[in-house]
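Participant: Here are the chains, one letter per residue:
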Amino acid sequence: MNVHEYRAKELLKSFHISVPFGVCIEENTSSAIAAALRAFENHSKVVVKAQIHAGGRGKGHFKENGTSGVRLVETEHASEAAVGMFGKTLMTNQTGTDGKIVHKVYVTETVAVAREFYLSLLIDRDRQCPVLMASDSGGCDVETVAQTHPEKVLMFPVDPLLGLQAFQARRVACLFQLSGGAFNECVELLLNLYRAFAASDAYLIEINPLVLTQDGHLSALDCKMQLDDNARFRHENFASFDDPNEAEPTEAEAKSVGIHNYVALDGDIACLANGAGLGMATLDLLDALGGKAANFLDIGDTASAEQIEAGFRILLKHPKTRGVFVNIFGGTLPCDRVVQGLISVTETVALRVPCVMRLMGNHKNEGLTLLKRSGLSAIATEDLTTAAKAILRETKAAL
Amino acid sequence: MSIWIDQTSRVLVQGITGHAGMMHSASCLAYGTQIVGGVTPGKGGEVVHGNIPVFNTVAEACKAVQPNVSFIAVPAPHATDAILEAIDAEIRLIVCLTEGLPVHDMLRIRRYLVGSKTRLIGPNGPGLIAPGKCKVGIIPNEICKEGSVGIVSRSGTLLFEAIYQLTSLGYGQSTCVGIGGDPVVGTSFIDVLKAFDDDPQTEVIVLIGEIGGNAEEVAAEFIRQNVRKPVVGYIAGRRTPEGKRMGHAGAMVAGNTGTALSKINALQTAGVEIAQNVMDIGRIVAKVPG
Chain A
1 MNVHEYRAKE LLKSFHISVP FGVCIEENTS SAIAAALRAF ENHSKVVVKA
51 QIHAGGRGKG HFKENGTSGV RLVETEHASE AAVGMFGKTL MTNQTGTDGK
101 IVHKVYVTET VAVAREFYLS LLIDRDRQCP VLMASDSGGC DVETVAQTHP
151 EKVLMFPVDP LLGLQAFQAR RVACLFQLSG GAFNECVELL LNLYRAFAAS
201 DAYLIEINPL VLTQDGHLSA LDCKMQLDDN ARFRHENFAS FDDPNEAEPT
251 EAEAKSVGIH NYVALDGDIA CLANGAGLGM ATLDLLDALG GKAANFLDIG
301 DTASAEQIEA GFRILLKHPK TRGVFVNIFG GTLPCDRVVQ GLISVTETVA
351 LRVPCVMRLM GNHKNEGLTL LKRSGLSAIA TEDLTTAAKA ILRETKAAL
Chain B
400 MSIWIDQTSR VLVQGITGHA GMMHSASCLA YGTQIVGGVT PGKGGEVVHG
450 NIPVFNTVAE ACKAVQPNVS FIAVPAPHAT DAILEAIDAE IRLIVCLTEG
500 LPVHDMLRIR RYLVGSKTRL IGPNGPGLIA PGKCKVGIIP NEICKEGSVG
550 IVSRSGTLLF EAIYQLTSLG YGQSTCVGIG GDPVVGTSFI DVLKAFDDDP
600 QTEVIVLIGE IGGNAEEVAA EFIRQNVRKP VVGYIAGRRT PEGKRMGHAG
650 AMVAGNTGTA LSKINALQTA GVEIAQNVMD IGRIVAKVPG
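Chains as they are written, first to last, in our numbering: chain A, 1 to 399; chain B, 400 to 689.
What the hints contain is simulated information worked out from the structure, not anything from laboratory work. Take these hints with a grain of salt, some might be off.
To be verified - A few chain A residues that face chain B, going by a derived Cβ cut-off under 10 Å, partial list only:
hint: 1; residue: 159
hint: 2; residue: 297
hint: 3; residue: 298
Unchecked claim - In silico DSSO-like pairs for lysine-lysine, Cα to Cα no more than 27 Å straight-line:
hint: 4; chain 1: A; residue 1: 255; chain 2: B; residue 2: 643
hint: 5; chain 1: B; residue 1: 643; chain 2: A; residue 2: 317
hint: 6; chain 1: A; residue 1: 317; chain 2: A; residue 2: 389
All values derive from a computational prediction rather than experimental measurement. Note that the Cβ used here is the ideal one computed from N, Cα and C, for glycine as well.
All chains, please: the whole structure from these sequences, using the hints.
Facilitator: Printed below as a string of structure tokens:
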């Protein structure tokens, strides 16, 4: 789960890491903007930052007016700058050409920067441990620096049972060539950052840049944060980090009915499988036979009747859907539960497109019988290749 | 011989009185798995499935019924504690089916496993089965047949698919292992490959991978250097967009790492026969000489 910059910084602050003072404007009304800017009456300049789940905002630009996603402006022009971002489409090197519509704008104080650093903690799945990365070249793409100037990047694993140790933090402070109070402040900041990382179940916390201010203190100027969705059960605050505006609409809808493994794709054959691997193999198989999937939906091997119905409802609702392909290899999941789901949904939503179901494993025969009795026009088979060829043939014939 | 489980395995089911625990233990019992006890804190003293004693703690169960395998079927918020409890009790093999364990917990568990006497399979997998001998998990036993193919897979349902194809073509299995779809799991491809290579019953190995991470690339290098038996591979996720989590927490292409192509190339370089299509897995195994 991605977290907006302003929420990530609130979280850092709660772990005693300094961030520039800022206020987020959550709605595009003159009163909301004015209320937020009142906090900056004594500042001559402010930074106005578009809040989207993508990096590269400073170098990105708005489709509508060409301005940047991060702007340094005179406080008297901040309101205009904010209005110029709300509802506009920001394109960065991470958003693709579609860009992302801005729904929130963050205003922060300016900081007199002496030096910039890069700092991140992430879970390295290849090494199977947390890794700390630091560089004294802040504000840049750390992967490029790691390749061109490896000596400028410090990277080491952290023992997940011990956590980050002070001696490790001191290595970073040395890399940053800090001294005196700033050196100790850096060590303290790193230890706090690791606490934030572990206590918040983060996949990634990246502070880029971390800056040394002209008066000798450290401040997190920008922050990218990804938290582990699996840890929701022990973090009440995770729900407040969700931003429905950031999700693809069908994916958000799927999530709202308890389907977490839905990914929208650009084809026209809606797919439902039980299991992630089987779901991916289904997309690959359709592709190899010349078809294109409209989505990936892994209903899981323990899906309830309600989840299955919700899944079918989403598939049938999609305007691009020209066929529905179901691939079930029941381990725990009984095939007849899946068939019943389709039957229940078609009581209220007409099945206007061809549907092919491949049913194997748990309660396969019960599923096949139930479908036959239902009178639905769906084709059922236990062989996957036959099923895949059938859905391609049927969708073509229905054109 | 199978790997890690057989007729002599003494299985403890943690979370036995829950819905999943009852259902899966019944199915394993019906297959002939020796289930010697269950654990549900607070329900010690009860009996389930007619004669299986329930204990409050793993330690208590160890004293009374000497299990050497623990099958964990508890929900994610309790699974970490259940795993640590079983490691602490020096259970030789833990099979954890639970989906949705926080990754930080798994990192700590992996670290705690170092130097312990325990192997952990999973989480977020279907467990394993040695056809004709023992089943610990949810692999549908009716599609299995005893034989000489060893299968290892990250995905559960793809494992079922491969087993079904092999059995349909007349090829039985020595052991089928689902290592789980999470980014951090207890047992790697390499652990299973090594066990299959050393197992006299296994003649051919099937490895089923998917996008995300570099476990398949690392496995390929291990195969190239160490594995003497023929290996057949399949990788799911050729047609998946970058940056999207495809169901499994671990299945995601990030930048140009974790792609199906990179994995397929690595495996082919190591001499692995690749099934280009999921429906070809059985047929490719049938072509392997020996």
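Participant: Next step is simple, just say for each hint if it's right about the structure.
Facilitator: Okay, the hints, checked on the actual structure:
no. : hint            : result
1   : 159             : holds, 7 Å
2   : 297             : holds, 9 Å
3   : 298             : holds, 3 Å
4   : 255/A <-> 643/B : holds, 15 Å
5   : 643/B <-> 317/A : holds, 22 Å
6   : 317/A <-> 389/A : holds, 23 Å
Taken one by one, the earlier hints all hold for this structure without exception.
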